[in-house]
Amino acid sequence: LPYIDTALVSFHAYRVYDKEAETNSQWWLQDVDAWIPTLTGLVQGGFLKICDKPEDCQEDTAPFRLLFWDDVSTELIECLATGITPIYFGTASIEHYVARNVLFLENSFQTPGELQQL
Numbered sequence: 087l088p089y090i091d092t093a094l095v096s097f098h099a100y101r102v103y104d105k106e107a108e109t110n111s112q113w114w115l116q117d118v119d120a121w122i123p124t125l126t127g128l129v130q131g132g133f134l135k136i137c138d139k140p141e142d143c144q145e146d147t148a149p150f151r152l153l154f155w156d157d158v159s160t161e162l163i164e165c166l167a168t169g170i171t172p173i174y175f176g177t178a179s180i181e182h183y184v185a186r187n188v189l190f191l192e193n194s195f196q197t198p199g200e201l202q203q204l
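Quick note on the working numbering: the sequence shown kicks off at 87 and runs consecutively.
Read the hints as simulated data drawn from the structure, not as lab findings.
Don't take each hint at face value.
What the hints assert, rightly or not - For each label pair, taking beta carbons as the anchor points, the in silico distance ranges come out as: (1) Thr177 with Leu125: 15 to 25 Å; (2) Thr109 with Gln144: 37 to 47 Å; (3) Ser111 with Gly199: 39 to 49 Å; (4) Gly199 with Glu108: 46 to 56 Å; (5) Gly199 with Glu106: 25 to 35 Å; (6) Glu200 with Leu115: 40 to 50 Å; (7) Pro140 with Ala178: 42 to 52 Å; (8) Gly199 with Tyr103: 24 to 34 Å.
The C-beta atom is built at its ideal place from N, Cα and C for all residues, glycine as well.
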């Protein structure tokens with residue numbers, strides 16, 4: 087197995103200041119005190135990188151992105167379009183969008199051996 091020396095999940099926290107955030111809130115801000123210990127623990131465990139400003143994540147190569155938007159956001163669409171797997175707060179509007187517009191086919195195979203490994 088490869089040695090992983092960097093967080094696999096990034097959280098672009100600075101996006102709470104985007105123009106879009108004026109009409110599409112982020113759930114973690116509704117109860118910051120409840121989320122901070124978990125986010126801090128993920129950072130300390132090496133699983134999560136939090137970007138407080140855009141410069142912090144200019145070279146972001148994390149395959150996963152933590153999202154807290156209330157509705158479908160530009161950031162969610164950007165993730166899907168660029169191959170980043172979103173880890174998102176499951177609001178009804180996002181769940182509805184994902185169910186209707188996104189298809190993740192993780193369990194495909196082409197050979198008997200691949201089928202057996204599933």
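Status of the hints after comparison with the structure:
no., hint, in the structure
1, Thr177 with Leu125: 15 to 25 Å, "19 Å, holds"
2, Thr109 with Gln144: 37 to 47 Å, "26 Å, violated"
3, Ser111 with Gly199: 39 to 49 Å, "47 Å, holds"
4, Gly199 with Glu108: 46 to 56 Å, "52 Å, holds"
5, Gly199 with Glu106: 25 to 35 Å, "45 Å, violated"
6, Glu200 with Leu115: 40 to 50 Å, "43 Å, holds"
7, Pro140 with Ala178: 42 to 52 Å, "30 Å, violated"
8, Gly199 with Tyr103: 24 to 34 Å, "49 Å, violated"
Of the numbered hints given earlier, the model fails hints 2, 5, 7 and 8; all others are met.
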